[in-house]
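2 protein chains.
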Amino acid sequence: MSAYDSIISSLKFDDKGLIPAILQDHENNEILMFAFMHREAVEKTLTSGLATFFSRSRNKLWVKGESSGHTQEVKAVYFDCDNDVLLVKIKQNVAACHTGYRSCFFNKIENGKVVTVGQKMFDEKDVYKK
Amino acid sequence: MSAYDSIISSLKFDDKGLIPAILQDHENNEILMFAFMHREAVEKTLTSGLATFFSRSRNKLWVKGESSGHTQEVKAVYFDCDNDVLLVKIKQNVAACHTGYRSCFFNKIENGKVVTVGQKMFDEKDVYKK
Chain H
1 MSAYDSIISS LKFDDKGLIP AILQDHENNE ILMFAFMHRE AVEKTLTSGL ATFFSRSRNK
61 LWVKGESSGH TQEVKAVYFD CDNDVLLVKI KQNVAACHTG YRSCFFNKIE NGKVVTVGQK
121 MFDEKDVYKK
Chain L
1 MSAYDSIISS LKFDDKGLIP AILQDHENNE ILMFAFMHRE AVEKTLTSGL ATFFSRSRNK
61 LWVKGESSGH TQEVKAVYFD CDNDVLLVKI KQNVAACHTG YRSCFFNKIE NGKVVTVGQK
121 MFDEKDVYKK
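Note that the protein sequences, when read in sequence, are chains H and L.
When we follow my numbering, the leftmost residue of the first sequence carries the number 1, and every step to the right adds one.
When we follow my numbering, the leftmost residue of the second sequence carries the number 1, and every step to the right adds one.
One should not assume that every hint holds.
[As the list claims (entries may be wrong)] In silico BS3-like pairs for lysine-lysine, Cα to Cα no more than 30 Å straight-line:
hint, chain 1, residue 1, chain 2, residue 2
1, L, Lys91, H, Lys12
2, L, Lys91, L, Lys120
3, H, Lys91, L, Lys120
4, H, Lys60, L, Lys12
5, H, Lys75, L, Lys91
6, H, Lys108, L, Lys91
7, L, Lys75, L, Lys91
8, H, Lys113, H, Lys60
No wet-lab data here; the hints were simulated from the structure.
Since the model is a prediction, treat every value here as computed from it, not as a measurement.
Looking at chain H on its own, in the form it has when it is part of the complex:
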């Protein structure tokens, strides 16, 4: 039983039991990542202080940074007017994106072309080893 039970119960999860979450840098408001949470992940995010998701590819609870060390320290949590989207302001350690970019949103559509605009923080093959 968590202090957040009634708030979590007021959230609307989709037909797969998931709610989208937007991850935003708490200092400069940069959008860093987008992922889904199930009920348990929302509770963990609110109580543990580390952004936690539901990994659809691995079908399990996923504490962001558990393998890379690139954790996301939760600074504030908001939800929208329809109670069906979360906004989590975080302190991002190193980088949010598994490709090495600080933000997952490094592809910009410009004059009909895709331009890479992100800031590369690490080389993916050095961090995610077998």
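Starting from the structure of chain H, add chain L where the hints point.
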């Protein structure tokens, strides 16, 4: 045939043919809204200069602001590392939220309670008349 055809074809739409879009103020990076686009809405957003969505409740193309006048002028469009989320930087006219708040994310979870933190820009019953 649009100049954006190959870019749009590289995006991943979900099993309902939709892709999530995060709407962000192009000046201060505030998150204003979250909605879904289908293929036609993405193309309209890229070519018309006004953020356009798929309304799941009305099951049709939805140019944001078409009834309220609270349009969203597109300043830049990004997509993420997995090609399955869009980030649209906009100039928001008046307010993004139909409730009258500038941002839809006016609910903050603080010490186990929900606090309203948004900036109210209009009274909803004055704008959305029958």
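Let me make sure I understand: some of the numbered hints might not hold for this structure. Which ones are they, in numerical order? 8
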